[in-house]
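K.L.:
Whole structure, please, built from the sequences with the hints as guidance.
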Amino acid sequence: MRARQFDWIRMVAIVFSVLTVATVCGIFLFLLAGSVEAWRHEGFSFLAKNHWAYRKQFFEAAAMIYGTAAVALIAIVLAVPIGLSTAIFSSEICGERSRLVLKFLVELLAGVPSVVYGLLGVLFLRNWMQTLYEKGNLEVYSGDTLLTAGVLLAIMVLPTLSTLFDDAFRSVGSKYRDAARGLGLTRAETTFQVILPQALPGLVGALLLSFGRALGETIAVFLVVGRADNRFPKLGGVLHSLVDAGQTITSKLGGAETNIAVGDKLHTSALLGLALVLFVVVVGLTLIADVVRSRLSSETVA
Amino acid sequence: MRRLTDRIFTLLCGLGAFIALGIILTVLGLVVFRGAPAISLRFFTEQVRSVGAEGGIFYQLVGTLILIATAAVIAVPLAAGVGIYHQLYVHTPRSRRAMDAVLHALNGIPSIVFGLVGLAFFVQMLGMKKSWLAGGILLAVMILPTVTVAFIERMRAIPKVTIEAAYGLGLRRPQIALSILFPQAVSGLVTGTLLGLARAAGETAPIMFTAVIFAGATMPKGVVDSPVLALPYHIFVLAQDSFDPSMTQKMWGSAVVLLMLVMGLSLIALPLRLKIHEEARRV
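Line order of the protein sequences matches chains U and S. At the far end of the first sequence sits residue 301, using numbering that gives the first Met the number 0, and the numbering has no gaps. At the far end of the second sequence sits residue 282, using numbering that gives the first Met the number 0, and the numbering has no gaps.
I should point out that these hints are in silico values taken from the structure, not numbers from a laboratory. Not one of these hints is a red herring.
In silico lysine-lysine, DSS-like type, Cα no more than 27 Å apart, as pairs: (1) 128/S / 264/U; (2) 174/U / 159/S; (3) 48/U / 264/U; (4) 134/U / 233/U.
If you only want the chain S side, here are some residues facing chain U, beta carbon under 7 Å, derived: (5) 9; (6) 12; (7) 80; (8) 197; (9) 204; (10) 234; (11) 262; (12) 265.
As the structure is a prediction and not an experimental result, all values here were calculated from the model. Where is the CB? At the ideal position from N, CA and C, for every residue including glycine.
P.N.:
Set out below in structure tokens:
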């Protein structure tokens, strides 16, 4: 028998895999360790209170968390109806060939870099929104608002959302579709009573993934959100806050403060704390979506 | 009544798809329509002048190419290793799923987090200056999941019998890796890389603090201290404060070039991808 050769491929594969795992854990630990000082300085009010003024060493980020959530929610609320109907159209109504064409176009849209969306936002959407506000007699100073960022973000998550929705519908075996149609159900009935319930985990997963994507988007939001600090509305002022300038976690991190903070330990640590919050929420959503979606595939196989 | 409901349903879905289509065409149309007049041969070969209002985008393009080439050089071997490990050496479904989760988590990390961590790690901790290397590494880490998953999917599409026959013939795992998995799944690696690079080329957030500056860089001379210019960052800076019409035109021109680069990369990947998709479904 030949002596067992040294399996260098295995060696390299292991090293690279460990490196990958270490990178993910490393980023998390790095953010955690880097932000300790801010957590110690602010405690829970880092998340719960609203006062961000780095010169006076106040790092209370509630307004940014609100802005991030508001912008992403607007995006999802606007994008879901269009994304869902597009996905139903492509997977249940039109033929295979047009489905591929539609899917191709949608993925083309998905490939557009966020800075290009940002540019469209700056040069078109912002003005359109301002005109809209003026027509609605709203007291608004510019078109840079949370709503503007939400609308732009809706366009950006639309491709992801509709492609993932389409995948979810397609993962339901065509035998169910054929059987339902054979029993005389209409397309609408087939979709709602047969396909939708089975595709639900996939749809929920798609929703969570897109929501996470929307929370973490930086460049386009940065350019149209107005970047005004400490706008945290009271309950009655929520609607008005949407047509006002705001700040998201990402627009803060992408802004000038990141460079200003260099050399200031507490300030840097507060920014790393914001990144940690973003990391935990977005990666958490991604992993939950993963679990939900894997339930889908194991059920349809069974 | 049922017929009517069905009609309305079809109509609504059609309407949704129509709106989506409208958005796609508007977005692409606006960029191309606005940017096309700025494009000429000189736009590609000249340096930028008067803070972006005149000249071309030669070094922005060079910088972006340097960044994505670096990312590819780093990400491809990593992805190959991780993919092979996933497909060949991991046996329990549980550990496979754990590895998938790590890849998905990595894929989920917002790009600005890479930028911030990159700044804190490369610049503040390691004492590097802004450099193309830091940017390349960050972009490589970012696209690693895309490349790896595409490679794994392609390996999955290899018929089971082929692998079993190889084991039956007494091939060892490294031999299987070299003689079956790599040759048959290399297209997955290529597709994944192209898609990853398409994404990397358009990213601004990971490189803005770590690798690029707005003006004054040409070809990088050093490794850890040479920043580059880059297209997305160029557009980003111009977009923030420009109301000069000539600058607007240059800005759109840059956007068109970036769009062409990104779409070109993903279009090359498309035929390969469709093929993989169909084969994966058949299995």
